[in-house]
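Residue numbers (the working numbering), protein chains in the order written: chain Z, 1 to 497; chain G, 498 to 994; chain C, 995 to 1435; chain P, 1436 to 1876.
Partner residues aside, some chain C positions facing chain P, computed with beta carbon under 7 Å:
| no. | residue |
| --- | --- |
| 1 | Glu1042 |
| 2 | Tyr1072 |
| 3 | Pro1074 |
In silico DSS-like cross-links for lysine-lysine, where the CA-CA straight-line distance does not exceed 25 Å:
| no. | chain 1 | residue 1 | chain 2 | residue 2 |
| --- | --- | --- | --- | --- |
| 4 | G | Lys798 | P | Lys1472 |
| 5 | G | Lys812 | P | Lys1844 |
| 6 | Z | Lys496 | C | Lys1295 |
| 7 | P | Lys1476 | G | Lys812 |
| 8 | G | Lys664 | G | Lys797 |
| 9 | P | Lys1683 | G | Lys993 |
| 10 | Z | Lys300 | Z | Lys173 |
| 11 | G | Lys993 | Z | Lys445 |
| 12 | G | Lys986 | P | Lys1754 |
| 13 | Z | Lys489 | C | Lys1295 |
| 14 | G | Lys665 | G | Lys798 |
| 15 | C | Lys1292 | G | Lys503 |
| 16 | C | Lys1031 | Z | Lys239 |
| 17 | G | Lys942 | G | Lys503 |
| 18 | Z | Lys495 | C | Lys1242 |
| 19 | G | Lys993 | P | Lys1736 |
| 20 | Z | Lys315 | C | Lys1035 |
| 21 | P | Lys1736 | Z | Lys7 |
| 22 | G | Lys942 | C | Lys1295 |
| 23 | Z | Lys315 | C | Lys1404 |
| 24 | Z | Lys7 | Z | Lys445 |
| 25 | P | Lys1733 | G | Lys986 |
| 26 | Z | Lys496 | G | Lys503 |
It should be emphasised that the hints constitute simulated quantities derived from the structure, not laboratory data.
All residues carry an ideal CB built from backbone N, CA and C; glycine is no exception.
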Amino acid sequence: MNEHIKKVRQNTSQNEGLIFERSSPGKRGYRLAPLDVPEVDPAQLLGNAVREDLGNMPEVSEFEVLRHFTRLSTWNYAIDLGMYPLGSCTMKYNPRVNEAVARMEGIANAHPYLPEALAQGTLRIMRDLSDALIEITGMDAITLQPAAGAHGEMTGIMMVRAYFDSKKERRKKILIPDSAHGTNPATAAICGFEVENLRSNHRGMVDVSALASQMSGDIAALMLTNPNTLGIFEEDIHKIADLMHEKGGLLYMDGANMNALVGKVRPGDFGVDVMHLNLHKTFSTPHGGGGPGSGPVAIKKVLEPFLPTPVIYSKQDGTLALDYDRPQSIGRVKAFYGNFGMFVRALAYILANGPDGLRQTTEDAVMNANYIRKKLEGSYDLPYQAPSMHEVVFSHRLQSPKGVKTGDIAKRLIDYGFHPYTTAFPLIVADHGAIMIEPTESEPKEELDLFIDAMRNIAKEAQESPETILNAPHLARVERLDEVTANRKPVLRWKKP
Amino acid sequence: MNEHIKKVRQNTSQNEGLIFERSSPGKRGYRLAPLDVPEVDPAQLLGNAVREDLGNMPEVSEFEVLRHFTRLSTWNYAIDLGMYPLGSCTMKYNPRVNEAVARMEGIANAHPYLPEALAQGTLRIMRDLSDALIEITGMDAITLQPAAGAHGEMTGIMMVRAYFDSKKERRKKILIPDSAHGTNPATAAICGFEVENLRSNHRGMVDVSALASQMSGDIAALMLTNPNTLGIFEEDIHKIADLMHEKGGLLYMDGANMNALVGKVRPGDFGVDVMHLNLHKTFSTPHGGGGPGSGPVAIKKVLEPFLPTPVIYSKQDGTLALDYDRPQSIGRVKAFYGNFGMFVRALAYILANGPDGLRQTTEDAVMNANYIRKKLEGSYDLPYQAPSMHEVVFSHRLQSPKGVKTGDIAKRLIDYGFHPYTTAFPLIVADHGAIMIEPTESEPKEELDLFIDAMRNIAKEAQESPETILNAPHLARVERLDEVTANRKPVLRWKKP
Amino acid sequence: MRYLPKSDSDRHQMLQEIGVPDTDALFSHIPAEYRLKRDLKVPRQMGESEIVDYFRARSSEMVAGYGIMLGAGVYYHYRPVVIDAVVSRGEFLTSYTPYQAEITQGTLQAIFEFQTMICELTGMEVSNASLYDGSTGVAEAAMMAVRVTGRSETVIARSVHPEYREVLRTYSQHQGMPIHEVDFSEHGRVDLKALDAAITDQTACVLIQSPNFFGTIEDVAAIAEIAHKKGALLIVSIAEALSLGIVKPPVEADIVTMEAQSFGVAPSFGGPHVGVLATRERFVRQMPGRLVGQTVDKQGKRGFVLTLSTREQHIRREKATSNICTNQGLVALMATVYMELMGREGLKELAIQNLAKTNYAVEQFGKNAKVLFPGSPRFNEFVIQSGVDPLEISCKLAGQKIVGGLPLKKFYPELGNASLWCCTEMVSKEQIDAAAKAVAQ
Amino acid sequence: MRYLPKSDSDRHQMLQEIGVPDTDALFSHIPAEYRLKRDLKVPRQMGESEIVDYFRARSSEMVAGYGIMLGAGVYYHYRPVVIDAVVSRGEFLTSYTPYQAEITQGTLQAIFEFQTMICELTGMEVSNASLYDGSTGVAEAAMMAVRVTGRSETVIARSVHPEYREVLRTYSQHQGMPIHEVDFSEHGRVDLKALDAAITDQTACVLIQSPNFFGTIEDVAAIAEIAHKKGALLIVSIAEALSLGIVKPPVEADIVTMEAQSFGVAPSFGGPHVGVLATRERFVRQMPGRLVGQTVDKQGKRGFVLTLSTREQHIRREKATSNICTNQGLVALMATVYMELMGREGLKELAIQNLAKTNYAVEQFGKNAKVLFPGSPRFNEFVIQSGVDPLEISCKLAGQKIVGGLPLKKFYPELGNASLWCCTEMVSKEQIDAAAKAVAQ
Ligand SMILES: Cc1ncc(COP(=O)(O)O)c(C=O)c1O
Ligand SMILES: Cc1ncc(COP(=O)(O)O)c(C=O)c1O
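With the sequences and hints as input, model every part of the structure.
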């Protein structure tokens, strides 16, 4: 059953319980320096606000903690271990120099309320990153404050709203294509907009005629991902932008897929008014098992008055300062200035690449996706034939007659030594059967070939022994987990037995 | 067959070829800063000493290198993953603060030939460590220069030689018990001594009467490990020392097993004249897959003139300096001052423990060994019944009738999720069947219980299904490797096919 | 480019297999007028050593080795090195959100432990897996209260971190969520009478912070009573997580939202930090953010999965409880490691040290300046009223490698020359003495 | 104690199971007079933050951010961060010597790659897994030559690192291995005539260093001819491994012993660094130190093992080829990572940069001082003869954050005020210019 697996072998993997199961009163994982001021009586100082004890917080030694997490870590897949073909997630190499520079004392230890004179280094990093991102996107200004992509969307759409408010226009709706990521409609809702769905055409692109008929004075903006979530560049992007602008609307671009464009095409050049970037995708900051991210929002001049506060500016003497006095600002979206540590990493990435490296990166990313597309066509159904950029989306149409769905194929990939591709979207792939593959530029040809081989083998298995796939994974530490029960009777924390 | 295994489960483990198999001309894992001085023509500068090319050195990208080693690393067992019960190796927790402080810029970047005025920090570290180790051993002086235990042995025995040379005595032999580690006799040979074997008695200790009769004016020293390699404290240590001293000989102690003594017993107090320490055992510096180590040699006053140069001393003004002018010195045993990075780690360990922590550490180490002894008696033969200190040595006598040897049991432990114990020595365990177990203080009770459970299960398997053991490991990435062929037709490097 | 694992011959071969003559062909469907025909104007490709030099230069433009007496939402606490040892492991660092549970059990179990400890510390029943930070946590909590109660208004104390309040205002501005602020009394705590008056039958929640922005501990029980009496939920925001080591958890609250930066996370000029939201079991389906739950695999072995995701944007889209997707995973892991290292006793011992330092500082400062809000219990911050502009004090202290307190004028004009000082275990007695002296004159 | 994973109740339970009343009972068989009844006089147990503070204080007593123009066996080269990322992984850091091959394949394969690259770089056929350092490597190589040839004497060039020669003297003193030194010529290279004269039919080996201690490249081919003519082996020691990027490897040698600190290893006040010994296949059974060999497992899968261990002390005891056991494993891994990152082109490019820096420095210094040994090819070091004591120059430069060259008087009294300077890629043009200026007067 597993004889075609080339990428992995079986090995032992350490078991490890919950940390609470290791706890025993009196074990210690810390030791404090002695107090150099007089001791105090907390009960006296705090009165009835004093806490008695810390319940079931664990008591373990330092070594147990280190070993605990070392063992846990070995249960994870990671880019460092192999290809992570999650479409829309841009799981690329996270350079280690980024981690090193982010930990330099003056940087890691900087308090956000340091007087500006003592914070020129961090302000300079923000300014240098801002300048680079503005150039890369072809936009006019930027805020680094949002903490992730969805947060950037919210910031951008609020600026759209502020823009219309400033013109005393009350537009109620945001247009969102059916291929969009879930954060797009969720964001529109938070910003008080209604969501209007925009159909895609048979080529997987915005249906321009539908747009023409739907666009109206009631619509504030179109939230477009470009290349879209099928990995397809909206070839009619100029028409789309024009249509929006003609009716006074704005074009928002979800920049999740900028890894297809950097150094080759600039959104600012094709009519985008506002967009966010995901530094944790395109600019190599690590995903960290869920975050942190960073979602800067780049804008055209017209939106500048609405930027969140504060905004960095240069003073006469060349030093940098923060401007809080911006009456038209949408306000803050986060305390302080954003996920600064991610700015450091993204800037380090840009410096490591330079203009030539950034362009080559994009070219390699697109080449890798097209290589996979070419090699898997035939084995998997390609619902949309338009040229692929940095990712390619197949469907499970050829496998579903045997009962094998995209989610099953994904689980079987685990046995073959790969992390699954994205299964959850885009929803416009019929029957929700998307197989969304983004290799990024970071994969060598050998790794791609192993992936292709695995996918082809699984396609064969789907015909010959579908139950192998339906019961996958077979070789992971755990078998398929019961999500239904987890949902029905949520156990969300450990409790002392 | 594997249903009793509790500590591990199977999981996938990434394959990875040799780096050379990834190489392709033009890939790069580096980029240099541009040159700020005029370029040169190497051929012109070097003439016929110029090199044409670098043969088959690899060409790979940075990410491939990182992923290569990440994958390789997952094929290793490590203390961080679980108990590493190698007897005589003291595989204890390697605290992470040690690593952090050793990488501080002023420390890691210190050139050994910095003028003394600019090197007070590193000299202070050496002095503070020296003081602590002298106190811990109860000796009078120390050199930190030797790079590992064997190197320390050589340094110590050379000082013994120099001592007799200074007295114009020509003693030809070193006495070494049959339980000794291989480096002891190998060292004696390098120092130009003949090795005379000293028998152990039935209790696994030095046979004092044999010693009395063997000791003569021809014998320079006895090299004794205490506790010895059976984990047994030489109870007659005072008689042994007296016997040596009476006949003008010296007592050398191999301090590999100091983890049984620190804070409880000091070799200097029981008559040792010279001894080495293994900072990579007792003092928590990491073993690193084979090294680096550090083997300071502590001595009594009489040997001080013979210390390797240089020796640290305090100047009038309180600053530290190096004394090179020591006419009776045995000379250098290593360039510079020793494996300084290990001094940093060992000192950090001592500071983290303090007197109470060091003592508790020793007590826990001895308790852990005795716990294992108690629980495995019955399942395995205990050839020597004397009390155990930090390690316990069983034999395979109960298993060998079924053809199961210590080396086989060791391999089967791998399936149970443990690194094997030491099998190679002590040679005095009959039939070379030693099962030498040193848990160290770093193992929690739960881990010990799992180990005991595994060992007991294997003992049962040895009776019921010996072939399971003989063919082990079954669950590791590779099965048992063919060492015979490796020896017969050595392939010691990759060659371009 | 050293990150790219391709040689030119690899590229050539791949393009051939794809069936295109060159890379440009892969971009030819993009309208030509949008294709960039020049190099981006970003700095040239740098060697790694140059990158390090660039950031070293930036780092040296900052303060190093200073005693920093700033708090105000970002706290200096010692970060045990084990934290970085753990989060630097590629298996955690370079893993994605654990949607595929079978090969991300490490991350999932760690989050489950995080959720458990947040519950233990806050006295709540369920905790999510993280939010962006303490400020957005406040906004998410208020939105959640609106969903839970069906009411629309929020009454927030002015003693909540001013930037948290700003964020709440931004989030709420287009959601029909009026915000009312309630002032603090001369004790530096919520003015209970004003609070009582501010709550209406449209009040979804009362939102306070404790210890509040002035370091003062609010009377949570009293406030809860007032809120609950009128059917509003009580949300307690905690900016200094370490306070939970010695300050009674806000068990009377319905929602607790916390910034956990104090738990082993570097200040890093304000982020990434880690927010978290905890609440009562009965509100779980209205919570924002990811949740990890325990389950079993086909063999009955324990395992963990992301759960209750029908609350989330990737399923519910515009009806989701929040738009959050990427959260602060790795930072939550840092906090998890920290909480496990410090544990039951360490958090308490450290919190008491912070109390002692601050108490000592208050005594010393009190000799030379007016310490505001006397009599109210405080954790590790306090406000002083000085004769001169606090910036002058800071200038004086800079020479002694001390950064003084935060001037409050910007946030609270009525407090004049007041400034907010913080004394954690990282500030020495000598530094406190020096600062107290500087405040005199 | 925070490293110990036991509570008192764990201890109590275990002692009970062992059957002893308390811990002291476990030590009661040790004669009472030797049992320590007091605390050790070492500093009290410290918190982690205090340990960090202690070492930070020591670190600040050193130079930071200086341009250091010292070489002499320890070289400043940029260390890519990937090295520490790799060696910090617990799987490498906390693993033992790979005696148990089946669960240490990671370490074993890495060493196999190390051995391969050392062969590629040095032109030798086999390499061991490491020795302590370059100095002990010289001693081990000479001892090996004695075993191989059955002869006893070593002829060593005075242009070999003085401390390496000292170590050789220490090792050889009791092994009946006379050492003869041969002087250098005015070209700063081995005096070939004197060498020829020094070799006898008892000469086991001629031992040179290239680039030698003065940075000068020896005429290895000529020396090999002289040595081989008289049946002696040629041992070439290399202290600056990077030179192999552009200097012809000593293919004429029989044994090459190298210090590989330049390959990504921190100076660390002189250690841990990493020695290695490479030689001809026919001498493999006389080599000291561990060797990794390729083999297959029962399934025929490729794997690696420690091999030819009958040479070693744990098998052969007093007849072993060396007493070495623990070697420099993790440091060899650093060098392996470095060699793979830099690779075929990087080592060359970097070596040429070093050549260029040094060439520039020689030109600049030459304007103000006498550069010794002109005409001989050199890599990245050179010797100048100054009017004043070189320590004076260093003092002048300290103010400009530069550490000057190494005074040679101690090692070569006849060279008077000579000093040895090194210019790697880490020294900037500005620093070279400043130093050249200081040398003037
Ligand atoms: C297309 C798209 N848009 C938006 C997002 C949301 O970004 P974030 O997770 O950073 O909030 C994602 C993330 O997966 C995405 O793929
Ligand atoms: C008892 C004993 N002596 C000496 C040594 C040699 O020490 P090293 O490996 O540090 O050279 C060892 C190492 O395993 C040992 O166990």
